[in-house]
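Visitor: Single-letter residue listing:
4 protein chains.
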Amino acid sequence: MTKMSGEAFRTNGRTAAARGTLAERYASVRQASHALAAPLSAEDCQVQSMPDASPTKWHLAHITWFFETFVLERYAPSFKPFDPAFRVVFNSYYQGVGEQHPRPRRGLLTRPSLAEVKRYRAHVDDAVQALLEARAGDPEIEALVTLGLHHEQQHQELMLTDIKHALSCSPLAQAYAKRWPMARVGPQALRWFGFPGGLREMGHSPEADGAFCFDNETPRHRAWAEGFEIASRLATYGDFLAFMEDDGYARPELWLSMGWDWVRAQARDAPLYWRRDGDRWVTHTLQGTVAIDPHTPVCHLSYFEADAFARWSGARLPTELEWEIVARSLPGGMSGNFADRGAFHPMPQTAPVGDEPLQMFGDVWEWTQSAYLPYPRYRPLPGAVGEYNGKFMCNQFVLRGGSCATPEGHVRASYRNFFPPEAQWQFSGVRLARDA
Amino acid sequence: MTKMSGEAFRTNGRTAAARGTLAERYASVRQASHALAAPLSAEDCQVQSMPDASPTKWHLAHITWFFETFVLERYAPSFKPFDPAFRVVFNSYYQGVGEQHPRPRRGLLTRPSLAEVKRYRAHVDDAVQALLEARAGDPEIEALVTLGLHHEQQHQELMLTDIKHALSCSPLAQAYAKRWPMARVGPQALRWFGFPGGLREMGHSPEADGAFCFDNETPRHRAWAEGFEIASRLATYGDFLAFMEDDGYARPELWLSMGWDWVRAQARDAPLYWRRDGDRWVTHTLQGTVAIDPHTPVCHLSYFEADAFARWSGARLPTELEWEIVARSLPGGMSGNFADRGAFHPMPQTAPVGDEPLQMFGDVWEWTQSAYLPYPRYRPLPGAVGEYNGKFMCNQFVLRGGSCATPEGHVRASYRNFFPPEAQWQFSGVRLARDA
Amino acid sequence: MTKMSGEAFRTNGRTAAARGTLAERYASVRQASHALAAPLSAEDCQVQSMPDASPTKWHLAHITWFFETFVLERYAPSFKPFDPAFRVVFNSYYQGVGEQHPRPRRGLLTRPSLAEVKRYRAHVDDAVQALLEARAGDPEIEALVTLGLHHEQQHQELMLTDIKHALSCSPLAQAYAKRWPMARVGPQALRWFGFPGGLREMGHSPEADGAFCFDNETPRHRAWAEGFEIASRLATYGDFLAFMEDDGYARPELWLSMGWDWVRAQARDAPLYWRRDGDRWVTHTLQGTVAIDPHTPVCHLSYFEADAFARWSGARLPTELEWEIVARSLPGGMSGNFADRGAFHPMPQTAPVGDEPLQMFGDVWEWTQSAYLPYPRYRPLPGAVGEYNGKFMCNQFVLRGGSCATPEGHVRASYRNFFPPEAQWQFSGVRLARDA
Amino acid sequence: MTKMSGEAFRTNGRTAAARGTLAERYASVRQASHALAAPLSAEDCQVQSMPDASPTKWHLAHITWFFETFVLERYAPSFKPFDPAFRVVFNSYYQGVGEQHPRPRRGLLTRPSLAEVKRYRAHVDDAVQALLEARAGDPEIEALVTLGLHHEQQHQELMLTDIKHALSCSPLAQAYAKRWPMARVGPQALRWFGFPGGLREMGHSPEADGAFCFDNETPRHRAWAEGFEIASRLATYGDFLAFMEDDGYARPELWLSMGWDWVRAQARDAPLYWRRDGDRWVTHTLQGTVAIDPHTPVCHLSYFEADAFARWSGARLPTELEWEIVARSLPGGMSGNFADRGAFHPMPQTAPVGDEPLQMFGDVWEWTQSAYLPYPRYRPLPGAVGEYNGKFMCNQFVLRGGSCATPEGHVRASYRNFFPPEAQWQFSGVRLARDA
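Residue numbers (the working numbering), protein chains in the order written: chain D, 242 to 677; chain E, 242 to 677; chain W, 242 to 677; chain A, 242 to 677.
Hint data in this document are derived by calculation from the structure and do not stem from the laboratory. Mixed in with the good hints there might be a few duds.
Unchecked claim - One-sided excerpt, in silico: chain A residues whose CB lies under 10 Å from chain D:
1. GLU284
2. ASP324
3. PHE327
4. LEU349
5. THR351
6. ARG352
7. ALA407
8. CYS410
9. LYS419
What you are looking at is a predicted structure, and each value in this text was computed from that prediction instead of being measured. Even glycine gets a Cβ: it sits at the ideal position worked out from N, Cα and C.
With the sequences and hints as input, model every part of the structure.
Guide: Pasting the structure below:
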């Protein structure tokens with residue numbers, strides 16, 4: 242197994258992304274995908290451990306397909322596809338582009354090989370860079386390339402969560418990368434910060450959030466908030482162990498009806514990746530199997546688990562409006578434990594809380610109680626790229642803030658991630674809220 | 242098959258419900274359930290055609306169990322259960338009361354017989370009436386009995402929709418009741434009514450909506466609405482046929498992703514209960530099989546179908562806030578084609594539209610684009626009755642306005658019905674909305 | 242619940258069947274079906290508790306349909322169907338007759354009612370009796386009517402096993418009929434009887450077995466048997482408890498691979514219908530719930546359980562050839578605990594064993610290790626009735642000897658029953674064999 | 242893709258296997274497995290396309306595990322496992338050895354890598370060869386090593402059929418090896434050869450069949466055969482096309498009941514791997530996609546298809562006794578189109594038929610109508626290797642004669658292969674038989 246190049250991956254981050262030219266940012270983000278795949282063998286990159294997840298090789302090809310299909314095919318002079326068959330096999334879900342290889346069978350595509358996919362990437366990179374040079378400043382092309390880079394960053398996160406799941410399926414799986422242990426720290430008391438109610442604005446603001454956003458963050462609009470309080474930190478493994486020890490998984494009154502059915506059908510008594518090891522709990526991580534550290538933010542919770550835990554805590558999940566109000570109030574901006582730090586796991590709060598909530602960005606995606614629905618007067622992008630977000634607005638919940646697998650600089654206060662309530666394999670956790 | 246007693250069922254309606262004493266209302270609502278079962282044989286009342294539906298006999302017993310468990314058990318002196326086993330077999334989903342017979346196996350409870358269930362009902366009715374007399378004016382008891390009556394009315398609607406589904410499963414099924422044909426009328430043009438944006442209140446108002454409501458309609462709270470327009474009438478079979486003839490079921494761009502998967506997995510090309518009969522479409526109804534009348538409101542749409550139809554129409558579904566704003570603006574109140582009319586099917590708009598939208602109440606439940614979520618500061622009722630509504634707030638959408646199977650007087654402007662997006666067996670339809 | 246008329250059912254038995262005219266036998270067998278349904282309510286007769294089982298009402302109609310379709314339709318002058326829709330809904334699996342109502346949905350046919358099915362039966366009975374009188378002695382008609390009567394007797398057994406399963410699905414199910422307790426007796430030691438090897442004949446012999454047989458019992462043919470020994474009695478509950486107490490359900494080496502998968506997938510640790518009640522095991526029977534009596538033959542075993550038990554016993558299941566050799570050696574003929582005795586449950590061996598094995602007929606069907614396959618030169622009956630047996634010769638095992646639910650006089654030494662190895666809801670048990 | 246070394250694979254064949262020392266045979270068979278994997282990439286060797294199939298890499302490791310577990314662990318001095326975790330992950334189904342990695346998840350074992358598995362093989366090979374030298378002539382060890390070599394040859398066939406299935410799952414799959422086209426030849430008329438009935442012997446005969454056999458071929462025993470006739474050649478694609486054109490897949494009277502359910506549930510209208518290409522049928526092969534040649538033996542038939550085709554032909558499948566009688570009558574022995582020829586596909590009959598049936602060995606496994614059951618007085622091998630055959634004797638049918646994917650020298654007249662009736666991915670075909 243090749244040693245992962247942390248250096249290479251870090252160039253993916255906010256500084257480069259924010260400051261460089263588009264061509265530089267393109268090179269940086271594309272290189273980061275390679276760096277993420279570097280520790281993996283051809284076999285590791287091949288497998289698909291569940292229909293929700295995709296092989297690393299498929300991710301590497303699909304994010305390349307995005308540039309080929311939405312940029313090169315339209316704008317590159319004398320475009321020829323690298324391989325016409327790729328149009329189908331690396332299309333994820335864009336009906337407007339045509340047929341797709343069935344999602345649950347992505348892991349059966351042994352060909353092209355990983356080596357061939359890398360050639361495909363190099364071929365497309367050359368063509369995109371040539372186009373960016375030839376058509377420098379073309380707003381349509383630059384908008385699509387920028388969209389493609391944010392798309393690629395989303396798949397960088399999925400590459401990590403998907404390979405984490407795949408490695409968990411084998412008794413022989415070792416770590417993706419070994420950098421543990423992280424420093425152990427003591428407990429940090431949970432405090433509450435109050436926010437008054439009132440008519441607020443939510444959604445993407447170019448001034449506050451930067452020029453780019455996904456269409457689902459628009460339009461910025463008014464919404465009424467009641468007064469509320471928010472927790473100073475994320476819920477920890479220790480907090481969650483208290484819930485478990487108080488029979489949290491066995492008390493139906495704590496759960497949504499659908500969540501209780503889920504607990505019983507799956508015989509759940511702990512979060513995903515937990516395993517008993519004698520008297521203690523251990524958990525599979527991208528760094529290998531480690532003991533549960535009580536001060537680390539709990540992750541890989543389904544919405545059902547997050548919601549039940551919040552109810553048990555005498556609190557609730559925040560709405561996405563509340564989360565955004567808090568996020569916009571932070572003077573410190575969006576720093577946090579993102580993928581660029583290379584921990585690939587949430588990290589304990591190390592400093593005492595001051596005047597503002599901590600850990601709002603990075604570490605774990607925070608489940609909100611808000612269903613993923615269109616903002617008032619929302620319009621998807623025109624054309625097939627309009628399938629990016631809007632068509633998924635059903636039976637999903639919004640998560641906010643990014644995680645330890647999110648590239649730094651990728652998220653913002655208005656960023657809306659979304660997953661169905663039973664999803665566990667993302668780095669998803671809880672920050673409590675309550676009525677003021 | 243006994244002839245259904247329309248007279249008996251009509252006493253269920255708004256006048257009696259609103260004006261009588263609680264004891265009179267109790268007698269009236271309870272009698273209405275019997276009237277609804279009257280046309281059915283013991284065999285008809287036995288079967289369960291899908292896990293979502295329940296046998297008529299089970300409904301008749303469960304709504305009795307509700308009074309026995311939540312009223313008599315607590316308040317009746319020297320209470321003895323009619324049959325201790327009923328506590329489990331007729332408990333729907335109240336974990337706080339204990340175990341439940343598995344929902345998909347309700348149709349296997351051949352014992353008690355229908356005749357025995359009727360004895361059970363009579364036994365409980367006597368005890369409730371005695372309690373109401375002995376403890377007249379006791380607010381706790383009266384609140385629970387009132388809740389039980391509204392609960393029973395909800396099951397009256399389910400008895401109709403569930404038996405409709407059951408009868409559809411047999412090639413030998415005849416009608417539940419034959420009163421057809423309804424008058425045929427000509428087309429009514431669709432008009433749009435505009436409503437300005439602004440900060441509004443929504444949720445239950447005792448002054449406007451009457452004293453009773455379910456907990457999920459509370460608390461009344463502020464919300465911001467953008468300006469919008471609403472259609473003057475419900476979408477009709479004719480409107481929906483135009484969608485179908487324009488290949489609506491074959492165009493993925495019209496559908497939510499989950500809806501498109503549903504269409505393909507089920508090979509759908511028409512709403513539930515439709516069947517081709519030579520050149521024309523016919524549909525199964527509670528009155529038997531009838532030809533599709535283009536001016537009748539379309540019903541039995543899933544959320545997916547309602548949403549796709551709205552998108553194809555260049556419009557959208559209303560939010561529940563918008564629907565409530567419109568409903569509260571009607572001077573004419575809540576009259577409409579409810580179950581008391583005995584049609585048990587939506588009816589065409591017969592008069593030209595005037596100064597306000599028509600068909601807001603009755604006919605079909607109107608899908609909104611709002612997920613079924615708690616209102617800000619929502620608190621479920623204490624105790625096991627608190628499981629009535631709150632624990633279902635996940636992966637469901639709100640429907641508003643009642644249907645041709647809803648007892649008259651049961652719904653109100655703040656009433657929130659909810660079903661998962663794939664549900665079709667309720668009388669669910671569409672009213673279009675659009676941005677102003 | 243009406244009291245079952247034991248008298249009526251007993252006329253079904255061997256005496257009447259063997260001695261009367263065909264018209265008398267017809268009346269007797271048909272009456273016996275009614276007698277079996279007599280203890281059941283309309284609701285009981287309606288339900289279908291699993292796809293393998295059918296509602297009592299459906300059985301009553303289907304066995305009537307058999308006469309209507311295969312006899313009246315062809316031979317009755319000016320035949321008119323009682324109801325043309327019945328041709329489809331009461332066709333079990335005869336592709337040659339046309340479409341069938343889906344088997345798993347038989348329980349949804351609420352109409353015709355039980356009363357209507359009884360009218361159907363009376364109507365067909367009148368017509369068959371008139372035909373038998375008008376065409377007395379017609380060999381084709383008499384052969385088909387005789388086939389129909391044996392067919393009806395098979396369904397009489399299924400009516401009992403299917404309603405037993407249905408009643409087991411409800412916590413409120415009481416007995417089908419209460420005649421228990423049967424006399425308790427002491428243990429009977431198991432002895433072995435030896436049979437030499439050699440070239441034998443097997444299959445139906447009119448002289449030995451009577452004129453009638455099913456096509457799958459033909460042709461009589463030669464087969465080579467090795468020497469073997471057979472147990473003097475059936476395996477008992479006590480024998481099987483010893484297997485269970487020796488961890489029989491937890492030791493893979495005792496099971497076929499497919500059987501072990503079945504045990505684990507279903508988390509089996511006891512036969513069907515067993516339930517722990519404190520320290521003891523009880524079992525659901527047609528007489529209600531009773532304690533396990535160690536001397537009663539064990540029943541409701543799958544082939545997997547029968548085979549594993551035999552292996553644990555250091556023995557094996559007999560082949561069907563071996564079973565038939567033993568059965569033909571009995572001087573005492575085919576008496577046994579059949580349905581006509583009204584116990585509807587296997588009964589302990591009450592007398593010491595003498596010169597021949599006991600319990601070969603009645604009590605429980607005995608699993609053999611022989612796959613259900615065609616005899617050499619087997620030919621199905623011509624026409625749609627040829628679908629009766631031959632097309633099921635795949636993935637089933639042969640059982641021999643009849644059970645406590647089989648009408649007396651129905652089976653014979655050459656009779657081949659067959660079920661898939663996972664089937665448990667028949668009265669199926671074990672007689673051990675071993676190599677000589 | 243590396244070019245496959247046909248030379249290397251051919252050393253696998255009968256000459257070497259029959260004539261060399263055990264150490265030479267060991268080296269030859271082991272080398273042949275490598276040769277078979279040579280054309281495949283690490284990605285190709287990783288995937289598992291259905292639960293019935295295994296990854297090439299897993300096969301390579303499992304057949305090595307067999308030697309390590311059953312030979313080295315018991316007999317090698319100072320044995321240490323190559324990796325203790327392999328005991329579980331490469332155990333197929335030997336309960337006596339302990340737990341197994343779940344079969345459907347073999348494709349998720351990305352580690353060990355293919356390279357590591359090759360090191361594992363080399364390590365075990367060294368140890369086995371050392372043991373064979375140190376304990377030369379030890380009958381126990383030699384018997385187990387010989388068993389392991391025959392086991393490895395079985396997996397060589399599965400490697401080919403499993404990778405064929407895997408490559409069929411990707412639109413981008415190219416051939417496993419390209420050696421096509423084979424010579425086209427003209428039609429060969431089908432003739433019938435008669436065999437008289439009588440008492441025969443069947444099962445393994447060391448004199449006729451060689452010293453080695455699997456336990457399921459024993460003991461040799463007597464059985465009665467009726468007179469029969471057998472077809473001179475295998476059924477061809479052309480024969481099967483005639484069945485298809487005569488609506489064979491749409492006529493229930495041709496099918497077993499379970500077969501008809503299978504046809505409808507899977508919407509089958511052609512054998513596995515067939516695909517319409519304009520007006521013609523093409524089929525996926527290990528050589529790539531080729532047009533259907535009418536004179537080539539039809540393959541990849543389920544038992545259901547073989548049986549329905551035989552019925553349509555006015556014939557039937559042979560019993561395994563009949564097949565063995567024919568096979569033992571051949572003066573020419575067991576030559577045929579085995580894997581060593583490198584075609585990896587059945588080949589047309591090229592010469593006119595003479596005095597005996599052709600194509601009895603190689604080309605395709607021939608379905609018999611015999612269920613896979615124990616021979617009289619059959620005893621499995623003692624210990625965990627006794628799980629090899631006996632525990633699968635349920636719901637499978639016997640196939641005889643080997644195929645184009647079977648190593649030459651591996652089969653014999655008494656060899657019993659077995660698969661469930663729905664299995665299609667083996668090279669399984671039909672030879673017709675009929676009653677004399």
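Visitor: Work down the list of hints and note, for each, if the structure agrees.
Guide: Outcome of the hint check:
Annotation: interface hint on GLU284/A holds; nearest CB of chain D at approximately 4 Å, less than 10 Å. For the restraint placing ASP324/A at the interface with chain D, the shortest Cβ-Cβ distance is roughly 8 Å, inside the 10 Å limit, so the hint holds. Because the beta carbon of PHE327/A sits about 8 Å from the nearest beta carbon in chain D, less than 10 Å, this interface hint is met. Evaluation of the LEU349/A hint against chain D yields a held restraint, the C-beta minimum of about 4 Å falling below 10 Å.
A cut of 10 Å between beta carbons decides the hint on THR351/A: the least distance to chain D is about 4 Å, and the hint holds. Given hint, ARG352/A at the interface with chain D, holds; its Cβ is 5 Å from that chain's nearest Cβ, closer than 10 Å. Checking ALA407/A against chain D by beta carbon gives a least distance of about 7 Å; that is within 10 Å, so the hint holds. For CYS410/A, the shortest C-beta to C-beta distance to chain D is roughly 4 Å, which falls under 10 Å, so the interface hint holds.
Among the interface hints, the one on LYS419/A is violated; its C-beta lies about 14 Å from the nearest C-beta in chain D, farther than the 10 Å criterion.
Checked against the numbered hints given earlier, the structure breaks only hint 9 and satisfies all the rest.
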